Amino acid sequence: MSTNDIVRMANQIAEFFSAYPEDEALAGASQHIVDFWDPRMRAELEAHLAQGGAGLSPLALAVAKRITVHTQPELA
Amino acid sequence: MALIDDVDFGTPARPSAATVTLLIDGAPVTVPEGTSIMRAAQEVSRPIPKLCATDKLEPFGSCRMCLVEIEGVRGTPASCTTPVREGMNVTTQNARLERIRKGVMELYISDHPLDCLTCAANGDCELQDTAGEVGLREVRYGMDGANHFDAQVKDPIDVSNPYFQFEPSKCIACSRCVRACDEVQGTLALTLEGRGFASKISAGLEMDDFFSSECVSCGACVQACPTATLMEKSVVDHGVPTRSVETTCAYCGVGCSFKAELKGSEVVRMVPSKSGGANEGHSCVKGRFAWGYASHKDRITTPMVRESATDPWRKASWDEAIDFIATRFKDIQARHGKGAIGGITSSRCTNEEVYVVQKMIRAAFGNNNVDTCARVCHSPTGYGLKTTFGTSAGTQNFKSVEQADVILLIGANPTDGHPVFASRMKRRLRRGAKIIVVDPRRIDLVRTPHIEAAHHVPLRPGTNVAVMNAFAHTIVTEGLVDEAFVAQRCDMVEFERWRSFVSEPENAPEALAEKVGVDAETLRAAARTFAAAPNGAIYYGLGVTEHSQGSTMVMCMANLAMATGNIGREGVGVNPLRGQNNVQGSCDMGSFPHELPGYRHISDADTRALFEGDWGVHLHDQPGLRIPNMLDAAMDGSFRGIFVQGEDIAQSDPNTKHVQAALAAMDCVVVQDLFLNETAAHAHVFLPGTSFLEKDGTFTNAERRINRVRPVMAEKSGLSEWETVCRVARAMGYPMHYDHPSQIMDEIARLTPSFAGVSFARLDRDGSLQWPVNDAHPDGAPIMHVDGFVRGKGRFMITRYVPTEERSNRHFPLILTTGRILSQYNVGQQTRRTANSLWHPEDVLEIHPHDAEERGIVDGDPVSINSRVGATTLHARISDRMAPGVVYTTFHHPLSGANVITTEFSDWATNCPEYKVTAVQVNKSNLPSDWQAHREEFVAEHYRVTEPAE
Numbered sequence: 410m411s412t413n414d415i416v417r418m419a420n421q422i423a424e425f426f427s428a429y430p431e432d433e434a435l436a437g438a439s440q441h442i443v444d445f446w447d448p449r450m451r452a453e454l455e456a457h458l459a460q461g462g463a464g465l466s467p468l469a470l471a472v473a474k475r476i477t478v479h480t481q482p483e484l485a
Numbered sequence: 009m010a011l012i013d014d015v016d017f018g019t020p021a022r023p024s025a026a027t028v029t030l031l032i033d034g035a036p037v038t039v040p041e042g043t044s045i046m047r048a049a050q051e052v053s054r055p056i057p058k059l060c061a062t063d064k065l066e067p068f069g070s071c072r073m074c075l076v077e078i079e080g081v082r083g084t085p086a087s088c089t090t091p092v093r094e095g096m097n098v099t100t101q102n103a104r105l106e107r108i109r110k111g112v113m114e115l116y117i118s119d120h121p122l123d124c125l126t127c128a129a130n131g132d133c134e135l136q137d138t139a140g141e142v143g144l145r146e147v148r149y150g151m152d153g154a155n156h157f158d159a160q161v162k163d164p165i166d167v168s169n170p171y172f173q174f175e176p177s178k179c180i181a182c183s184r185c186v187r188a189c190d191e192v193q194g195t196l197a198l199t200l201e202g203r204g205f206a207s208k209i210s211a212g213l214e215m216d217d218f219f220s221s222e223c224v225s226c227g228a229c230v231q232a233c234p235t236a237t238l239m240e241k242s243v244v245d246h247g248v249p250t251r252s253v254e255t256t257c258a259y260c261g262v263g264c265s266f267k268a269e270l271k272g273s274e275v276v277r278m279v280p281s282k283s284g285g286a287n288e289g290h291s292c293v294k295g296r297f298a299w300g301y302a303s304h305k306d307r308i309t310t311p312m313v314r315e316s317a318t319d320p321w322r323k324a325s326w327d328e329a330i331d332f333i334a335t336r337f338k339d340i341q342a343r344h345g346k347g348a349i350g351g352i353t354s355s356r357c358t359n360e361e362v363y364v365v366q367k368m369i370r371a372a373f374g375n376n377n378v379d380t381c382a383r384v385c386h387s388p389t390g391y392g393l394k395t396t397f398g399t400s401a402g403t404q405n406f407k408s409v410e411q412a413d414v415i416l417l418i419g420a421n422p423t424d425g426h427p428v429f430a431s432r433m434k435r436r437l438r439r440g441a442k443i444i445v446v447d448p449r450r451i452d453l454v455r456t457p458h459i460e461a462a463h464h465v466p467l468r469p470g471t472n473v474a475v476m477n478a479f480a481h482t483i484v485t486e487g488l489v490d491e492a493f494v495a496q497r498c499d500m501v502e503f504e505r506w507r508s509f510v511s512e513p514e515n516a517p518e519a520l521a522e523k524v525g526v527d528a529e530t531l532r533a534a535a536r537t538f539a540a541a542p543n544g545a546i547y548y549g550l551g552v553t554e555h556s557q558g559s560t561m562v563m564c565m566a567n568l569a570m571a572t573g574n575i576g577r578e579g580v581g582v583n584p585l586r587g588q589n590n591v592q593g594s595c596d597m598g599s600f601p602h603e604l605p606g607y608r609h610i611s612d613a614d615t616r617a618l619f620e621g622d623w624g625v626h627l628h629d630q631p632g633l634r635i636p637n638m639l640d641a642a643m644d645g646s647f648r649g650i651f652v653q654g655e656d657i658a659q660s661d662p663n664t665k666h667v668q669a670a671l672a673a674m675d676c677v678v679v680q681d682l683f684l685n686e687t688a689a690h691a692h693v694f695l696p697g698t699s700f701l702e703k704d705g706t707f708t709n710a711e712r713r714i715n716r717v718r719p720v721m722a723e724k725s726g727l728s729e730w731e732t733v734c735r736v737a738r739a740m741g742y743p744m745h746y747d748h749p750s751q752i753m754d755e756i757a758r759l760t761p762s763f764a765g766v767s768f769a770r771l772d773r774d775g776s777l778q779w780p781v782n783d784a785h786p787d788g789a790p791i792m793h794v795d796g797f798v799r800g801k802g803r804f805m806i807t808r809y810v811p812t813e814e815r816s817n818r819h820f821p822l823i824l825t826t827g828r829i830l831s832q833y834n835v836g837q838q839t840r841r842t843a844n845s846l847w848h849p850e851d852v853l854e855i856h857p858h859d860a861e862e863r864g865i866v867d868g869d870p871v872s873i874n875s876r877v878g879a880t881t882l883h884a885r886i887s888d889r890m891a892p893g894v895v896y897t898t899f900h901h902p903l904s905g906a907n908v909i910t911t912e913f914s915d916w917a918t919n920c921p922e923y924k925v926t927a928v929q930v931n932k933s934n935l936p937s938d939w940q941a942h943r944e945e946f947v948a949e950h951y952r953v954t955e956p957a958e
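Protein chains in written order, with the working numbering: chain P, 410 to 485; chain R, 9 to 958.
Since the hints were made in silico from the structure, they are not lab data.
As the structure is a prediction and not an experimental result, all values here were calculated from the model.
Even glycine gets a Cβ: it sits at the ideal position worked out from N, Cα and C.
Some clues are possibly wrong.
As the list claims (entries may be wrong) - The calculated lysine-lysine pairs, modelled on DSS-like cross-linking and capped at a C-alpha distance of 30 Å, are:
1) K474(P) with K394(R)
2) K241(R) with K271(R)
3) K271(R) with K474(P)
4) K241(R) with K208(R)
5) K323(R) with K338(R)
6) K932(R) with K665(R)
Stated by the list, open to error - Okay, the calculated beta carbon distance ranges per label pair:
7) P821(R) with G461(P): 35 to 41 Å
8) E328(R) with A463(P): 49 to 55 Å
9) E315(R) with A463(P): 50 to 56 Å
10) G624(R) with D444(P): 40 to 46 Å
11) D747(R) with D444(P): 48 to 54 Å
12) K271(R) with D444(P): 50 to 56 Å
13) V625(R) with D444(P): 18 to 24 Å
14) G796(R) with D444(P): 21 to 27 Å
15) A436(P) with P23(R): 33 to 39 Å
16) M500(R) with A436(P): 16 to 22 Å
17) A459(P) with V625(R): 32 to 38 Å
18) E486(R) with D444(P): 33 to 39 Å
19) E512(R) with A436(P): 50 to 56 Å
20) T309(R) with G461(P): 41 to 47 Å
With these hints in hand, go ahead and build the complete structure from the sequences.
And the structure:
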């Protein structure tokens, strides 16, 4: 999965929730990614974050830091 | 006419709480006030002879066959046009009436060819029946006078329409066809021209035949005709059918009920069912006539396999094909992990077929990589309505539109996409309701006979949310909010936040007008019209959802409905017009990777435990991949096998070259379908599917109506789709077994609260049910959120307008938007294999005259359309329906490559592709695009089938 796509999608989600107060925006955007993204997409986001998270909006960056990747060994 | 007829009561029912009691031939009868004598007589089995009357049409009173005597009334009034009165004493049959009727009948027959034995309507002719009923034994005037049937004078039979013929010499000028076109279909294509003896039915102008006229081939006139004047060619060719099976159309999300009329197991015609809740006896050209694909020579009825997608196909036994799939899928999982395979369910398949595919993926594949074609159409509807209202479904039944005062139609073209519902909508509009059309194109409903939109908002593609915010701003700042409704039904904290947001100056129509491309006063006027309506109803289509802000837009509409109090009763609501016949059902059945059946998130431990207990497996608690994610993961090598049920992602999904590359990168692609479609070109296994005429199950339409789909013939492949899937699951190691599809529905009901009361037996008894069907709604729920929202309090969402990243620029100055046309359906796999292609043999590019002139393009020129991801060549159609700067095409023909141009951009919440906004350049060209040129070669290579060795 391309990093560009992951970054664009994370930014889009952050953009929607940024209309809300900061704490709600962070919680809402994070929960959205947990609810709808396959673990490997979250892992991709985490990996991109580990590389510095270039291109992520400030809120998307905060979201990336907040979410926990629920790895599933049997899916790996 | 329909041979296997319902009782025809002669005039429509008149629902009324007040009743009237009268005597008919001495028999007491009590009927609703306003009922005709003719209908009341039929109620007590005293049918009155009739020719111009049918209960599908308003009474006309022209044929003079239905005369009756009424005590105390002079003369013999027509029973069809005379309403009942309290205490009336009616006589339907005596010597006087018999004499009058015979006399009238003689006049009809004196100008009718007496060729009953060789007539196509023999045995199915109301004129013939009525002659028998009135006891006609002679025609005193003879047959030698002036007439319309002698060879020297008769008009030729009009056979221009591919599905029915018009034989003027058999016409009795009853006007039923004209009235059906007016009242039922609302096209007003037919007229009775001339006077007296010269009267004749005409389709359009003098030079028109049926094909060239404005007739949309809905079949209403054919159904209404009491003689052989308008007759299905299939009946002319094969004779009248002898039995019927009630089933459900497999085209759009309206989900019309039909009687398949047959001889043996051969379908002779499809007749819309009067008792069908969705269509109430009406149909469109697709459902009524375009069913021939089911027996088309291109059908593949034997499983096929091949090692590589570039090898020729090899026919195989079911066992071999299923073993092949299981071996490959298990091998992929062993090498790349359980999550390396997945599948897609189909909105063209039944609920039961869809359910077993998602079950196979979750239970046998051991992951949640299941998605459905709703991903590319109405997934934002699911997200948006669930967030605001609490459930993922439209709020109304179709009939509700009859109570609407203002219809807000956004991003939908129902006269083409949902024609039977459009007819219902047009009836309401002709009776005085207003319509506001929000669409970049001037669709038919902006101005069509007897209908003119109160407002047309020709917005720039991609600015839906801005338009809705401008509407909301107007409503809030001008004091048009239904404060009482909001206070009682909605979360006030969320409402106040929303009110504050939309009140901001940046959401004022004046601030947004330039972005939207529509003047502020039009935006304000449209908003006021909607807010002022006693009943305001929102209907929408893919012009709403297929945007980067598709989900935001759905929430905008939900906000608007709540703010104006337009939820929870007839005539209002937020209503998605679903694209395919079972989009609603495929979503209900747990086809999304994050949800189990009934829209319950996979992370919910209680729900998982329920399914785990029933299925006997452990389920993963994480969402799986969506279709675009699967394709992306295929490109990086982590997703390598897919089971595609009845969908053609290589034609329907955006950025075709990316889709093709992803499919080509997989180790095992399985396609279950009727034909070798574009996706099958990349497949390793082809499993023959079943047409709707072979299926046994249920479809759920856009109004949540669960309808039975009944088989009218055996499966041509010898195996049902659900059984095929069960065999694949078993080969993968998971025991999945059912003896009958009703057992699948029983399992769905057992595990899904909104389906708790649904069963085949119940559907067979009640005809249809609209979910939820459970203890709270034992007979279903035609209208949702009546006393409260499913989520409790309605939730207003803040909907900031975020322009799409896809923008026109100097390289790609035009915006392409895509859609569908009346005669074709989706990727055209079905309709292209019928005579419907006579109306639409190719996809064309609609372009505004100014844009065409700038480029030196004249109508019919081949033009190249280029976007940043691809190019294709189509013929241009110059049309001022388009706004300048916007071009439009359809995607019904694979060679068109419409989706070679569309991009990877998608809705922020759901990944629904942004089909409706692609920046393009258009130039004259006389060459196919590289992709088109390559396709022929590609097809030749990938569709080869080897014959088995002797």
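Problem - Hint numbers not upheld by this structure, sorted from lowest to highest - result: Violated hints: 3, 9, 10, 11, 15, 19 and 20; rest satisfied.
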